[in-house]
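Q: Use the sequences and the hints to build the structure in full.
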Amino acid sequence: MTFTISDDFRASMNWLHTWAGVAVSCFLFMVFWMGSLAVYDREIDQWMKPELRVEASQAEFSYEAVVKDLKEGGAANASRIFISAPSERDPLINAGYQTPDGFERGLYDPATMERVELTESFAGTSFFYPFHYSLHLPAGIGYWIVGFSAMAMLVLIVSGIFIHRKIVQDFFTFRPKKAARRSTLDLHNMSSLMALPLHILFPLTGLMIFFSIYLPWSSSVVFNGDEARKFNEAFAIAVVEPSGNPAPSSLAVDQRVGEVEAMWAARSPGSEPKADFINIQLANDANAYLTVREVFPSRAVSMNKNITSVGLAEGAILSDVGDGPAKSSYAWLAGAHFIQFDSWALRALYFAGGLLGALMIASGLMFWIQSRIRKGAMEPRSVRIVRALSIGSISGIILASGVYLVANRLIPVNSDGFGLGRGYFEVLFFYIVWIGTFVHAGLRGKFAWREQCLVIAPVAVLAVTLNWITTGDHPVAAAAQGLTQVWSMDLVLLASAGVALFAAKRLKVPEADVAAARKELADMPAEAVPAE
Amino acid sequence: MPFMHRLNQAVESRSYRVILAVFGGYAFTAGFFAILSVALVYAGATRVEGMWWGVLTSFVVYTALVIWAAATRRVWLTSAIIIVGAAMMIIASPILAVQLELAATT
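Residue numbers (my numbering), protein chains in the order written: chain A, 451 to 982; chain B, 15 to 120.
Keep in mind the hints are simulated off the structure, nothing from the lab. Given the structure is predicted, the values throughout are model-derived calculations rather than measurements.
Okay, the calculated bits of chain B under chain A, using three or more residues with CB under 8 Å as the criterion:
1. 52-59
2. 62-75
3. 82-92
4. 101-113
For each residue, glycine too, the CB sits at the ideal point set by N, CA and C.
A: Next up, the structure:
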């Protein structure tokens, strides 16, 4: 049996690809850009909050010692205490406890158990990373925009594959010297095919991670619509009533964690499971219990594969997440999206894959625009609108991210941001510049690509210079201190400046077109000409 | 009949296909997830496993439905399968889930 693709089918896929692409590409670029940055969110944090530039402690870590210290501090009466163990990328202990009006969270130095105060900034983990799945929009609108765009991306990948007659040949075809439109399409095909598995993995696993937001009704039907029961069963959250009797003076936390780790190891021979997060509940009651998680194993992909709740007094197992085939597959797929495991090479691959995705989206949009411009003819309004939105979403968000880094180094550490708070003040710079790039793109049309690229380069160099001035860690000094994260980020910033200049050179509008644009402006009726 | 003629024209339009793909596709996917998870519990899986199977398959099903709605030559037939299928699965799965709960308690 032969399977042939009819021209009719290919035409419908072409139509679908074009319009789904135009509809979501601006959002998809934002998600891919911020997602690529989020691959290195911890490293960006170290750059933006210099207090984090410390060596990871090699000492044996004890949860019990941290619990004791917290209880001697403010957590004496707290019923809930949670602790994230330090790791290579997170050198500090992240711990918190319940207070009458919420949670008190903080970062502690594992060597001294002193609380570490950081530069107030949302930085990589709280600005760039959540941006890539929520767009920081209110009322969950951002999640739905991102989810819709991710679904559209899956459709775009499938339709894009069907469009191609010669998929292997296209992979090796790049004609940079040909006409701009032809080489834009080559670039689009090449960047799509080079990282195709990742382009499928990113949107698909991203959607799965937020299944409970995107398919809330479907995922609770089997639990009779009981949301709480769904989460308790899926993530081994035990529900225990307090006994009313006080807890013993010392809680055997380390012993229980050790028992749970031994149980995990027995379940999957050959692995060395290590708990990296614990949550103590009813901490002052005789029924105190502990949830132990291996959120991100260092030598395996699967995330949250091991979750177990045990009673602290007797060590009885209260609930366990189990290891059914679907659960294990999901744990692997979710882990493949979060990539927190201990592999610098894979993180670099993801960063490159994310940027290739961004390039695929940008070149797709540019091809759409270039296909609708005829030499000597007036540009249709649709082209002008899509181009302005594209420029703001592509070069605009890159420029705004650069300015965000510059603002982080320029604003004094103890500033309160004129009452806004220092972190929000930085974010304000990001949004002012970002909105500005849309306005600029609307006013300057096809010239705006190049002009924004020309600004990105000095902003990137300025960020590196300001890091040197404010912390003294210029790339050579950082390398001498073993601060790989800091000098790598500086080098990436300098490389981005080079890429921006190269892009500006390639995006230069030919002289003939400039003359045509002037003529077009001169031929327009007087009332349509913008005042200068 | 001018009404049937205009209805046919509307269904043959691309806008209709987009609406069918986005909303019809979502409804079918939601129903598919629900009925699959309940059916797996009937077949002996745990509730959590039933739910995870739904998570693993749903977004692939949705993608396929969108491609189908865009490409189909028989829009009426495709619409009927998507809409009637979605309605049946959405109505049946919560009823079956309640039966399951009752069977467990007696």
